[in-house]
Each structure stands twice: as structure tokens, then as C-alpha cells.
Amino acid sequence: MEADDTFVLPGDWGKAGPDLEHLIASTPLGGAEFHAVIPSSQARAKEVHAQACELPYLVLADSIPGAHGRHGRAWWTGAGILSFTLLWRPRTSTDNASADRVSAGTTPTGIVSLAAGIAVIDSVVAVTGGELTAGREITLHWPNDVYLHGRKLSGILLEQLSGGVLAIGIGLNVNNRAAQAPDELKSLMTSVADEIGHDLGREVLLVDLLRRFFTLAKLATNASGRMQVVRRANELCIQIGRQTNIQVGQSVFSGPCVAIDATGSLVIETNQGHRAFPSGEITTTEIP
Amino acid sequence: MADSASKAGDPFDLGQIRKLVKLMQEHDLSAIDLRSGEDRISLRRGAETAPQVIHSAPPAQIPQAAAPAADPTAAAKKDESKLHTIKAPVVGTFFLSAKPGEPPFVKPGDKVEPETTVCIIEAMKVFNEIPAGVSGTIVRALVQNEQAVEYNQALFAIEPA
Chain A
75 MEADDTFVLP GDWGKAGPDL EHLIASTPLG GAEFHAVIPS SQARAKEVHA
125 QACELPYLVL ADSIPGAHGR HGRAWWTGAG ILSFTLLWRP RTSTDNASAD
175 RVSAGTTPTG IVSLAAGIAV IDSVVAVTGG ELTAGREITL HWPNDVYLHG
225 RKLSGILLEQ LSGGVLAIGI GLNVNNRAAQ APDELKSLMT SVADEIGHDL
275 GREVLLVDLL RRFFTLAKLA TNASGRMQVV RRANELCIQI GRQTNIQVGQ
325 SVFSGPCVAI DATGSLVIET NQGHRAFPSG EITTTEIP
Chain B
14 MADSASKAGD PFDLGQIRKL VKLMQEHDLS AIDLRSGEDR ISLRRGAETA
64 PQVIHSAPPA QIPQAAAPAA DPTAAAKKDE SKLHTIKAPV VGTFFLSAKP
114 GEPPFVKPGD KVEPETTVCI IEAMKVFNEI PAGVSGTIVR ALVQNEQAVE
164 YNQALFAIEP A
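Residue numbers (this note's numbering), protein chains in the order written: chain A, 75 to 362; chain B, 14 to 174.
Source of the hints: derived by calculation from the structure; they are not laboratory data.
In this text the structure is predicted, and so the values were computed from the model without any measurement.
Honestly, I wouldn't trust all of these hints.
Using C-beta positions, here's what the derived DEER-type ranges look like [to be verified]:
| id | chain 1 | residue 1 | chain 2 | residue 2 | range |
| --- | --- | --- | --- | --- | --- |
| 1 | A | Arg144 | B | Pro121 | 48 to 56 Å |
| 2 | B | Tyr164 | A | Gly209 | 43 to 51 Å |
| 3 | B | Pro113 | A | Glu121 | 23 to 31 Å |
| 4 | B | His97 | A | Gly204 | 54 to 62 Å |
| 5 | A | His223 | B | Lys100 | 23 to 31 Å |
| 6 | A | Asp93 | B | His97 | 29 to 37 Å |
| 7 | B | Pro113 | A | Glu95 | 15 to 23 Å |
| 8 | A | Gln254 | B | Pro127 | 44 to 52 Å |
| 9 | B | Asp123 | A | Glu95 | 27 to 35 Å |
Quick reminder that beta carbons are idealized off the backbone N, C-alpha and C, glycines included.
All chains, full assembly: derive it from the sequences and hints.
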């Protein structure tokens, strides 16, 4: 079938982008903007934050050539990806002196980080009506990467800005195809369309994803709600029960992964006992 | 936290060593020598000798950068009491620059304002830009790039303006 520039997939958007008023009315968003191409949605979100905006605020883009992941690694955004940065200010203990804290020095933003990954998983499963996961395992790769049968489906990165505002960058492979990706990524990634064999309306998915994220984020404002988020993360986390290596600086710690704890840290049974890692690069995961 | 499950009484436990180094730093101690049965741990710091660990049991992994660098001059030492420290507001991994290969946010001799970003601490893929919090001149970093840091751990020594 020949490409038709005027055709717009139901539930998706054309070159002009989505109906932002409808998007704002359908979600807790306070404002939103769309870019066909933008060098970096994170950088643009920081500009918007500096100028003041009504939160939560969405910077949505069809193509982000300068997108990056952890430690500045390039993130490929092929046509059809769902990629955006959400500016949002979580409630913190400083908002309410009597609010419970997870523990001294542990920021609830770690739970927000988990919540973002969970929202992506629950959303793609719900919007595809289970079609995506029929016979396939969708998992959370701690803390919030999403994998489908071992291939990366989504990457998430959060930056804490001034005033307690978070810039939550999400890239979700929806209608971009692994076949279009650079050769070195072809065997490492997958997309929703690759798996189900047809394109999916990104606006429908975006609305559902945002709603789920804000529901989880609201839960995370109290201890019992946070535990619900953590329990869900434990259900989805691929590392749990598997031999896991985590690199922290120049040190690598190994052992069976036990759980994600109440702070969102990954707990590994090292040869020095159980140890919780709030941060680190997981270099290897083997199925015993 | 699961950390509490580690061997609290083990003198070669990394957490214990970090606490000792912090105590030395906070109270300007030049040496600590602890013995328990056959185990012994001796930490020293100061201008004459670099920080070292002496052990009678198999060595534990020592975080080299957890201890402050030796003072380069006696004059510098005299002013140590006037220095402030910028402390970690969160646990995580310490980064001196925004991306690998990029220049550090700050280096010794740089003048900073309270809102100047001095480093990033990452935890659970949340990258926190850490502001200096005070005006002054950076004297030195107290931890190495990509090192794990604890809550309230001293990150930089700074001479207040």
C-alpha cells in the first residue's frame, strides 16, 4: 500500500499534532505543546520550567534527534515513537510537616520513577487489549525500563529541577519499527507495532498512560499507597529471583536479586548479606 | 532498609568504614585504631601520610575516595576549620559532570553561588542536580566521580565567601 500523507490513523495524530485542548481536557495536564521535531524534549521542558508554566505540563514531540538515555547514551526515536517530557511537581515531605517519609535521605521521587515504568506497562497492555502480551512477557527492568521478551520497548529518565519539579522523559516504541532502527539496535529493541503487526493510535495510548501515571503518583503520596506501587513493581520486575550483577562506580556486586524495597531500591543478596542499591548499572542478568 | 541486614559488627563492613571515615572528617581526627579479638582496623589521615587501612584479616574493599585528600600545605590545614561542606541531600551515585567526557560542573578554585549546580546524584534513574547552597570557592571534591554516596555525606569542601 502506498503511503498517504493525508491518512491519519484513528486515535493518532497527523503532521499538525494532537488536539492539545482535548488532551488537556482528558487528563490532569495543565498545559501542553507539540513539536514535529525538537532537539531534546528534556531541554525544552527545562526552558518551559524556567519561564513558569501551569503544571503538569507536557512537551510532546514526533521526533527528538538529540534524545538521550542514562549517562548521555543516544536514544533512537524513529517515526511513530511516542516520546515526551512531562513536567510535574510531586508532593514532598516539605509540603506537609506531618507527612510520612520513607526514610531519612530517601526521596519519594524514586517511587515516582518506578510508577512511570508501571504506567507504561499497564497502559500498553490495556490499550492493546492484551494482544501485545499474548504469549509474551512484558517486564520492568529496574527501575523503569520496559522490556518485551528481552527486547527494549520503553526507556524513562527523570531529572529533578528547581522547586521540586520533575522532568520525566519517556520514550515508548509504538509505531516505529525495529527494521528502521540503526543496525546495532535492531536485535535489541521492539515496538508495539512490531509485535502486534499493526499501528496503534498514540493519542489514545498517551491519554491512558498519563491517567495511569497520575493515579499511581497520587497513591505514592502516602506510605500505604507507596507500598502498592512497590508491590506492583515487584510483580513486574524481571531481576527478582535471578542472578544479578550491579555496577556502582568501579565496583560490581553480584547475587540473587531479592526484591525492590520500600524506598524503590533493588535488594541483592551479596556475599556480605542483603544490600539495597538505590543506584547502579545492571550489567548482567542470568536465569538460573 | 535491607542495608540493616548487613553485618553491623564486622569492622571490614564497607558501611562501617564509611562511617569511621566520616567521623574522622567531621571531628578532624588524624587516626582511629580499633581492635576486636584478632580483627583490627586502623585508619589514618592528614598531611604526613595518605589515608590508609591496616588490617590483620583479609582486606575488605576500601572506598579510596571516601577519605579526604591529604592537605597540600600547612597553610591550607590552618584554614580547614573555616571550610564548609556541601552534603548529599539524597543517596545515590555521585557524578561530577552532566555526561561522561563533559567538563565537571565545578573544580577547585571555582567561585559558586547558592544556586550553582556542583554535581548530580542519581538514584533510581532520577538525576538530581545538587546546588552549592552557599556562596564561596570550591576547595576540593571529597568523593570520586561515580562513587556511591550516603545521605548527608560530605561532597565538597568549600571556603565560604
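Hint numbers not upheld by this structure, sorted from lowest to highest | 1, 5, 6, 7, 9
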